[in-house]
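Enquirer: So the sequence lines, in the order shown, correspond to chains A and B. Numbered by this note's numbering, the letters in the first sequence go through residues 1 to 295 in order. Numbered by this note's numbering, the letters in the second sequence go through residues 1 to 277 in order.
There's no promise every hint is true.
What the hints assert, rightly or not - When the alpha-carbon atoms are kept at most 16 Å apart in a straight line, the in silico EDC-like pairs for lysine to aspartate or glutamate are as follows:
#, chain 1, residue 1, chain 2, residue 2
1, B, LYS232, B, GLU222
2, B, LYS264, A, ASP131
3, A, LYS9, B, GLU222
4, B, LYS45, A, ASP131
5, B, LYS186, B, ASP167
6, B, LYS182, B, GLU171
7, A, LYS68, A, ASP194
8, B, LYS100, B, GLU42
9, B, LYS100, B, GLU171
10, B, LYS102, B, GLU206
11, B, LYS268, A, GLU253
12, B, LYS102, B, GLU171
Calculated from the structure, these hints are not laboratory results. All of these numbers come straight from a predicted model, not from anything done at the bench.
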Amino acid sequence: MVGESRLSKGLVILTFLLPSLIGLILFNIIPIISSAFMSFTDWDMLTNPKFVGFQNYYNVFFNENSIKSIVNTLKYVVGFTPLVICFGLMLAILLNIKITGLDVYRVIFFMPVVISWVVVSLIWIWLYSPDSGIINYLLSLIGINGPAWLQNEHTAMPAVIIASLWKDVGFAAVILLSGLQNIPDEYYESAEIDGANSIKKLFYITLPCLTPILFFLIVTSLITSFQVFDQVFIMTKGGPFGSTRTIVQEIYENAFQMGKVGFACAQAWLLVVIILVVTLVQNILQKRWVHYESK
Amino acid sequence: MSQNNNKRAKRILLHILLILLSVLFIFPFLWMFMGAFKNDVEVIKMPPTLLPSKFSFDNFRTISKLFPVGRFLLNSVFVAFSSTILQLLFCAMAAYVFAKIKFTGREVLFTLFLITMMVPRQLTMITLYRIFVNLHLQNSYLGLILPSTYNALGIFLMRQHIRTIPDSFAEAATVDGASHFKIFFKLILPLCKPALATVGILGFMESWNSFLWPLIITSSTELATLPLGLSKLQGRWTTAWNLLMAGNVISTIPILMVYLFAQKYFIKSLAHSGIKG
Chain A
1 MVGESRLSKG LVILTFLLPS LIGLILFNII PIISSAFMSF TDWDMLTNPK
51 FVGFQNYYNV FFNENSIKSI VNTLKYVVGF TPLVICFGLM LAILLNIKIT
101 GLDVYRVIFF MPVVISWVVV SLIWIWLYSP DSGIINYLLS LIGINGPAWL
151 QNEHTAMPAV IIASLWKDVG FAAVILLSGL QNIPDEYYES AEIDGANSIK
201 KLFYITLPCL TPILFFLIVT SLITSFQVFD QVFIMTKGGP FGSTRTIVQE
251 IYENAFQMGK VGFACAQAWL LVVIILVVTL VQNILQKRWV HYESK
Chain B
1 MSQNNNKRAK RILLHILLIL LSVLFIFPFL WMFMGAFKND VEVIKMPPTL
51 LPSKFSFDNF RTISKLFPVG RFLLNSVFVA FSSTILQLLF CAMAAYVFAK
101 IKFTGREVLF TLFLITMMVP RQLTMITLYR IFVNLHLQNS YLGLILPSTY
151 NALGIFLMRQ HIRTIPDSFA EAATVDGASH FKIFFKLILP LCKPALATVG
201 ILGFMESWNS FLWPLIITSS TELATLPLGL SKLQGRWTTA WNLLMAGNVI
251 STIPILMVYL FAQKYFIKSL AHSGIKG
């Protein structure tokens, strides 16, 4: 800009950036660096941290609760992510057929997305309740003796996954729907002239055109799935018998209840590394299956 | 003729399928609302009744006597609104600099901001809690609000938008002697409404629904926001469904109303953040 002194320009930049710079430094950079440092110490937040080398990282892989929480988190990720994308895709395809009332259906499917996890969890605990829940009542009508869902160590995780699907599938559907609506009609028209049926159109036009959005959705849902906490913490507190304790619950309890802050930091770093590796692998694999339109 | 009938049959079938799915999505909400008006006997009765035999507000009265639910609601409203407004202002300010003012190191700094987007909160929350304790921010509204005033995704989305505003606009204003502050508040912000709506909705939703950070940073019931208050309610009455559902209803109605009124913006914002993020 003309006629502006360097000093005043610098001052303007600093003023405008200051709040976000404070956020960047105080809420991100300092906590990241100090948690890296603390992960090598034994620390309870009250006394001075003691340097323990790689002990915490060793414990991450050899402490029974820690391993179990990693396995449980993986179970959630593996159960939830493919299903949310499959069901989301099915919903999106249904919603992409030009019919009246589309907006109403979309609003309904998206409703659980905006509600807090605590509310959703409380509703589902009741729905799942073995003696006063409606799910087992409905099952009993067709002669099935429903399990104790959240109180049974074999069904607790699937039950959490089902509730999570109910909450999040609308989000996946809306994102995929926006991708479907971007596919030019001409593609389908020319395919029809060539005599392609609906199945062929799905596999040769819809899915390939959708791969960039599918890729994005897979990456982001994997990242958020690894961080699963709210629903598990409210619905089961990690139980029964620790069958639903996830990494984030481990981190939370070790840091804020057990006074094992250094250990919690190491677990948090493990979570970061897992997420980074998974995302990097996705990025490498995408070259094999994601089609970007040539411009 | 027969092809037309065939098409119609298909359409009706599709509607039936979508209506069945809608029931699946609406039913838990409906069940929550009905449960909030049933009494403690009816709420666990088997076989269950859909409608309460008598619509009574007793549950709402009971929980507001036993728990400061009104306070939770006020806390949530205050925290969500102030976080969102501050976040919008701070993001827009930073985005303006990144979009319109050239300086050395700008891209490096911007990249640094973007990198923080990928850092999970679970990593920073532990030592951030400790920092906030040192600053005497634990158990305070500031402690609840401050972390959500920083949003790298918000800065990114706003910068994308501000970049589309032609430089000539700002240059013309500079010639007329307007300062950066004037340009920002009088020219840029009003042109940013769509981006502000997107970031605002995302920020409001996140703050309204946030659970883990309030759980960590507050310990007194006076400061609990609705999600945290509800979990405390659950701690006291594990299976008093009528009371829990009444609490749920109080917590859900505000966000559900905002959503239903502004659903187009909600869905667009989330889809947008999805594709751009």
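Enquirer: Next, verify each hint and record whether it holds.
Expert: Hints, one by one, checked against the model:
1. Of the pairs offered as hints, the one joining B/LYS232 and B/GLU222 holds, with about 12 Å between alpha carbons and a cut-off of 16 Å not exceeded.
2. With a C-alpha separation of about 40 Å, the suggested pairing of B/LYS264 with A/ASP131 is violated against the 16 Å cut-off.
3. For the given pair, A/LYS9 sits about 45 Å from B/GLU222 by alpha-carbon distance, which is inconsistent with the 16 Å threshold.
4. As the CA atoms of B/LYS45 and A/ASP131 are separated by approximately 9 Å, the hinted pair is consistent with the 16 Å bound.
5. Our distance criterion of 16 Å between C-alpha atoms is met by B/LYS186 and B/ASP167, whose separation comes to about 15 Å.
6. Between B/LYS182 and B/GLU171, the direct Cα distance comes to roughly 12 Å. Compliance with the 16 Å bound is thereby established for this hinted pair.
7. For the given pair, A/LYS68 sits about 54 Å from A/ASP194 by alpha-carbon distance, which is inconsistent with the 16 Å threshold.
8. Between B/LYS100 and B/GLU42 the alpha-carbon distance is near 63 Å, which puts this suggested pair outside the 16 Å criterion.
9. For the hint pairing B/LYS100 with B/GLU171, the CA-to-CA distance comes to about 10 Å; that is within 16 Å, so the pair holds.
10. The suggested pairing of B/LYS102 with B/GLU206 is violated, with an alpha-carbon distance near 32 Å, which exceeds 16 Å.
11. A hinted pair counts as satisfied when its Cα atoms are at most 16 Å apart, and B/LYS268 with A/GLU253 does not qualify at roughly 37 Å.
12. As the CA atoms of B/LYS102 and B/GLU171 are separated by approximately 14 Å, the hinted pair is consistent with the 16 Å bound.
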